[in-house]
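For the record, the sequence lines run as chains Z, V and X. All letters in the first sequence, in the order written, are residues 148 to 426 by the numbering used here. All letters in the second sequence, in the order written, are residues 3 to 422 by the numbering used here. All letters in the third sequence, in the order written, are residues 6 to 294 by the numbering used here.
It is worth saying that the hints were derived from the structure and are not from the lab. A portion of the hints provided could be inaccurate.
What the hints assert, rightly or not - PhoX-like, lysine-lysine: derived pairs with alpha carbons at most 20 Å apart:
| id | chain 1 | residue 1 | chain 2 | residue 2 |
| --- | --- | --- | --- | --- |
| 1 | V | K326 | V | K336 |
| 2 | V | K89 | X | K244 |
| 3 | V | K60 | V | K78 |
| 4 | V | K191 | V | K173 |
| 5 | V | K389 | V | K225 |
| 6 | V | K389 | V | K414 |
| 7 | V | K78 | V | K326 |
| 8 | V | K298 | V | K361 |
| 9 | V | K166 | V | K191 |
| 10 | X | K244 | V | K147 |
| 11 | V | K389 | X | K244 |
| 12 | V | K143 | V | K336 |
| 13 | V | K333 | V | K78 |
| 14 | X | K244 | V | K409 |
| 15 | X | K244 | V | K414 |
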Amino acid sequence: MNSSSEKRLSAISYILLSSGLVVVFLPLYLTVITAFKTSKESARNFFAFPSELYLGNFQEVLFNNDFAQFFTNSVLITVVAIALILLVVPLTAYAISRNMNKWYFKSLYILFIMGIIIPFQVIMLPVTRLMTELDLLNRFGLILLYVTYALTQGVFLYVGYIRTTIPKELEEAAEVDGCSKLRTYRSVIFPLLAPLTATVIIVNSFWIWNDFLLPLLILNKSETYWTLPLFQYNFKSQYSFNYNLAFASFVMTVIPIMLVYVFFQKQIIAGLTGGAVKS
Amino acid sequence: MKNKKLWIISVLALVLVVAGCGGKSSGGNAGEAQGANQGAGKEEQVTIEIFNQKSEVKDYLNQIIQNFETENPNIKVNQVQVPDSRKVLYNRLASNDAPDIMSIFPNESDFRTQAGSDFFMDLTGSDVLANINPQFLEGVKVDGKDYSAPLTMNAYGIFYNAAKFNELGLKVPTTWAELEQTAAAIKEKGSIPFATSFKASWSVGHLTEALLTNAVGYETADKFFQDPAAKADSDPSIQKLLAQMDFIGANSQLDAAGADYPDAVNLFATGQALMLPQGIWAVPVIEQAGMEDEYKMFPIPNDSGNGVVVGGIDYALAISANTKHPEEAQKFVKFMTEQQTAQFLADNEKSPSTITGIKADAPQTEDVTKLLSEEGRFYPWLHFNWKAGLDSSWGTETSAYLILNDKNALLKWINQEFGK
Amino acid sequence: MKTINRYAHYLFTLPALLLYAVFFLYPMVNGFLYSLSDWDGLSKTSHFIGVDNYVRLAQDDRILNSLGFTFKYAFGLIVLTVVLAVLIAVLLNRVRRFQSFYRTTYFIPAVLSMITVGLIFNQLFSQALPAFGKAIGSDVLSRNLLSNPDWAFFGLLFVSLWQGLAIPTLLFLAALQSVPKDLIEAASLDGATPWQRFRSVVIPFLIPTLNIVVILSAKSGLTAFDYIMAMTGGGPGRKTESVGLLVYNFAFQEFKFSYASSLAIILFVIIAIVSIVQIRSMSRLEVNA
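Between the sequences and the hints, there should be enough to build the whole structure, so can you do that?
Written out as C-alpha cells, the structure is:
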C-alpha cells in the first residue's frame, strides 16, 4: 500500500463525509430560517436568509400556549420513567440471567424478548381501552407504559451484558460475606452495570422525550397533560395555514434536546456504543 | 370497577416501592394523587366537561363558557380540545368514559351507529332544542329521535376572486358550459382557473360529492349508490362525474397532485388562482392567508343553471347518556342555543346558524348560504347515507383517480364497496 | 428472612412481570380476541365470528397492495441502512482529523422526534424542493415528489434514512473500532488488499451488529407509520399505504376495529418469521466466519 493512494483515499473520505454533512444540515438550516420569516417572506423566497430576524412566530408559539407546562410535562415524564426503568429493568434482568436453567426465568426471558418483535399496532387498540378503563389516561399511566415497554429491549441488553461481563464468583463471594441477595445486587452488581446503564438511560430518554403515538393515545384527555411532541402536532393542525409558525414550534421543541445533546455529546455517543455493542 | 382500579394501582405502586428497597417512589405517589384529583369535584360546585372536536371554535367556545359561568357560578365548564379528537372520543365512548357534553357530527353514519348504541341522551321534545329551527332537526333524527343539538351549518361552493373577475370582465358562471368558458378565459389571461388540493383526499371527497350532486341531481346520485344493480362502468352519472373531474384536473395548478389544503388556499389568496372549490369553512383560512382582493362564492354550476348547495350540520352538541350532571349539561347546551350566544358564534365562525332568527354576518359566502333555506337548492352530503368510514375511502379513491388517471381502478372500487 | 432470600430472585422479577402482564400480555391477548370478533369500534356489542376476518384479509386487494409496498419499503430500508451505515462508519473510521466533529453532526438527526422530522420534510417537499426544481428547470422536481407515484416511495425512504442511519452508523463504527489492530496489520503483511482485509478480517466483527441492525430496521420498515402519516398519508392514491398505516386507518377512519386487529396480528407473524430467519442464518454465518 503506497502512501499516495492512501492519501487519495482519505481525500475521498473527507469529500464524501462533507457532502453527507450538507445533506444533514440543509433541512435543519431551512427549518431555522423559515422560523424567522413572516409567511409573506417565505412565499417570496424559501431559501434566502431572512432579511430581518422576525421573532413574531416565536412569540406567538410561546405566549399563546402553555409552553412551560408542556415542557415541564416532558421533563417530568422522562425523568420519572427513567428512574423507574432503572429500578425495575436491571433487577429483573439480573434475576433472569442468573437462573436461566430454571423454566420460570427462561420463559420469562423469552416472553420479554418476544416483545421486541411485536408491532405496537397489535396492542395499540386494546391498551388504549385498558388505560381508559383503569382511569390511567394521565401522566402516571403513561409512565407505567414506558416502564413496561422499556422492559423488552432493556432486559435483552442487560441479560446479555451480565452474562458476558459479570462473573458469578463476585456475588458468591458477597453472599459468603452474609449479604442478602438484594444487598448483593445493590452494592455489587448494579454499580458494575454502569456502562450499559448509561446506554439504557440515553436510548430510553430519547425515545420517551420524542415519543408521539403513546402520548397521543394516553395524554390526550386534557391539554394540561400534553408533552412537547403532542403540543407540536396539535399546533400544526391548529395553524394549518401558517407553516412559519409550525417551523417556529419545531425549532422550540428541538432546542431543549439539542442543548442536552451538545453538552453531553461525548457521553451520549460513548454510552450508545459502549454498552450496546458488548451485548 | 372503581375498586378494581384502585386495587391494581395500589398493588403496582406497592410492588414498585418494594422493588426500590424503599424511597424513590415519588413518581408513583404523585401520579396516584393526580388520578384521585381528576374525577372528584367540590360538593357545592359542579364541573362538567365539554369535549370539542372543532379546533376553529375553541377560542369562541371559551368566551361562551366564561359568560355561562358568570351566569351560573356553581357550574364550572371544562373545555377539552385535542388532536385526533374523533379517535379519542370514540375510544372514550367505547370505554364508558364519555365526556358530559361533546361536539359531534350528527349527519354522519358513525354518529347514527353510536346513537343506536344509546351513547347519547335522548333530547326529543326537550326544552333544550326549543330555539332550534325544526327544519334542521329533521335531518339529524335517528330512528325518529333527537340525540343532538345542531348549532351551525356548512355549505359547499366555489370561491372566486371577485376583484380579478371584474378586472378581466368575467361573469359569474351559472351553467357548466359557462364555467368551462370562464376557465378558458382565465387560462388565456395567464392565471390559474382552479386552486385544488388533491393531496388532501378529504377535500377531493367533498369536491366530487358536490360535483356529482350537481351533475345529475341529488336523487339520481343517491339512488346510484343504493342500487346494487347500477354498475359504475355503465352508469351515466359516474361517466359525467369523471368528465367533470377531468375538466377540474386539467384546469388546476400544475402541482395540484402535491398540494395540501393550505397550499390551495394560499394559491387563491395570493391571486394566482381565481377560483377555489371549497366549503365555507375555508373563510377564516383565506383571511389568515392574507387575501386582499374582494372574494365571493357561487354555487357549483350545473346544466340547468340553478346549481345546488351541498352541506350539512357543522357544529352540534350531544350529551352523554350516562352523565352524572344531566341538568347542568342540558343547561349549558340550552345556553348555546340562546340568541346572544348563537349570534356570537355565527358571526365569529362565519357559518349560518340553525337557531331561529339568527343570521351570520358573512357577506363573502352569502350567495351560497342564502340557498340553504331555499326549496330545492340545498341537499345533504351523499355520504350521509353511506356506511361509516366510506366517505374517507371515497376521498382517497377519487383523489387517486385525479392523480393517477386509472379509471378502471376507481370503477372497480365503487362496484366493490357499494356492493354492486 | 432466610426463606425470603431463597426466593429473592423470584421477587426481583415480580414488578416487571406484573407490569408486563397487565400492560402488554393482557392487551395482546385482547387484541387477538378482537381479531376474532366483528366489533366496529362504535357499537356497544360485538359477536364472535371466528377466523372470518382472516379469510377476508386474504381476499382484500388493499391488503395485498399494502403488503407489496411494505415489503418493498422494508427491503429497501434494510439494504440501504446496512450499506450506507457501514460505508459511513468505514469512512469515519478512516479519517483522523475532525472524526469526532463528523460523528457528532451525523448523529444530530437521531435526537429529533420522528413526528418533527416528518412534518419538517413534508414542508420541504412541498415548498423547498419545487422552488429548487423550478430554478433548475426540472419538470419532475418542480412538483411535490411525495405526490409523484414513482417517486413518493423514494421520498419516504430518504427521510427514514436521513434520521434512521445515525444509530446503525454509530454501532458499526464501534464494531469497527473493536477489531484488533494487530489482526489487520497481520493481514496487510500477508499482502491482502484493503478489500480482502475488510472481507476476511473486519466483516466477522460486524456480524453481531449487523444482526441487530437488520432486525431493528426490518421492524421499523415493516411497521412504518409516523413518516407516512406525516408526509404522504398513504398517497398518492394508495401507493404508499403501509400495513402500519392501514391498521390505523381501518381502526380509526373506517370503523373496522376487529379487522384492523387481525391485520396487526398478521403483521406480527410476518415480523416474527423475518426475525427468526435472520437470527438463524446469521448465527450460522457467525460460526463459520
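Okay, the hints, checked on the actual structure:
Of the supplied pair hints, the one linking K326(V) and K336(V) holds, its CA atoms being roughly 17 Å apart against a limit of 20 Å. In summary, the hint linking K89(V) to K244(X) is not supported, as the alpha carbons are separated by about 24 Å, beyond the 20 Å threshold. Among the hinted pairs, K60(V) with K78(V) is consistent with the structure: their alpha-carbon atoms are about 16 Å apart, no more than 20 Å. For the hint pairing K191(V) with K173(V), the CA-to-CA distance comes to about 15 Å; that is within 20 Å, so the pair holds.
Restraint check for K389(V) and K225(V): satisfied, since their Cα atoms lie roughly 15 Å apart, inside the 20 Å limit. Proximity of K389(V) to K414(V) is assessed by CA-CA distance (about 18 Å); at most 20 Å being required, the pair is judged to hold. Under the criterion of a C-alpha separation no larger than 20 Å, the hint pairing K78(V) with K326(V) is consistent with the structure, at around 14 Å. Restraint check for K298(V) and K361(V): the C-alpha separation of about 18 Å stays at or below 20 Å, so the hint holds.
As the CA atoms of K166(V) and K191(V) are separated by approximately 11 Å, the hinted pair is consistent with the 20 Å bound. Between K244(X) and K147(V) the alpha-carbon distance is near 43 Å, which puts this suggested pair outside the 20 Å criterion. For the proposed pair K389(V) and K244(X), the alpha carbon gap of about 24 Å is over 20 Å, so the pair is violated. Of the pairs offered as hints, the one joining K143(V) and K336(V) holds, with about 18 Å between alpha carbons and a cut-off of 20 Å not exceeded.
Under the criterion of a C-alpha separation no larger than 20 Å, the hint pairing K333(V) with K78(V) is consistent with the structure, at around 12 Å. Note on K244(X) and K409(V): the hinted pairing holds, with a Cα-Cα distance of about 16 Å set against a maximum of 20 Å. As the CA atoms of K244(X) and K414(V) are separated by approximately 17 Å, the hinted pair is consistent with the 20 Å bound.
Checked against the numbered hints given earlier, the structure breaks hints 2, 10, 11 and satisfies all the rest.
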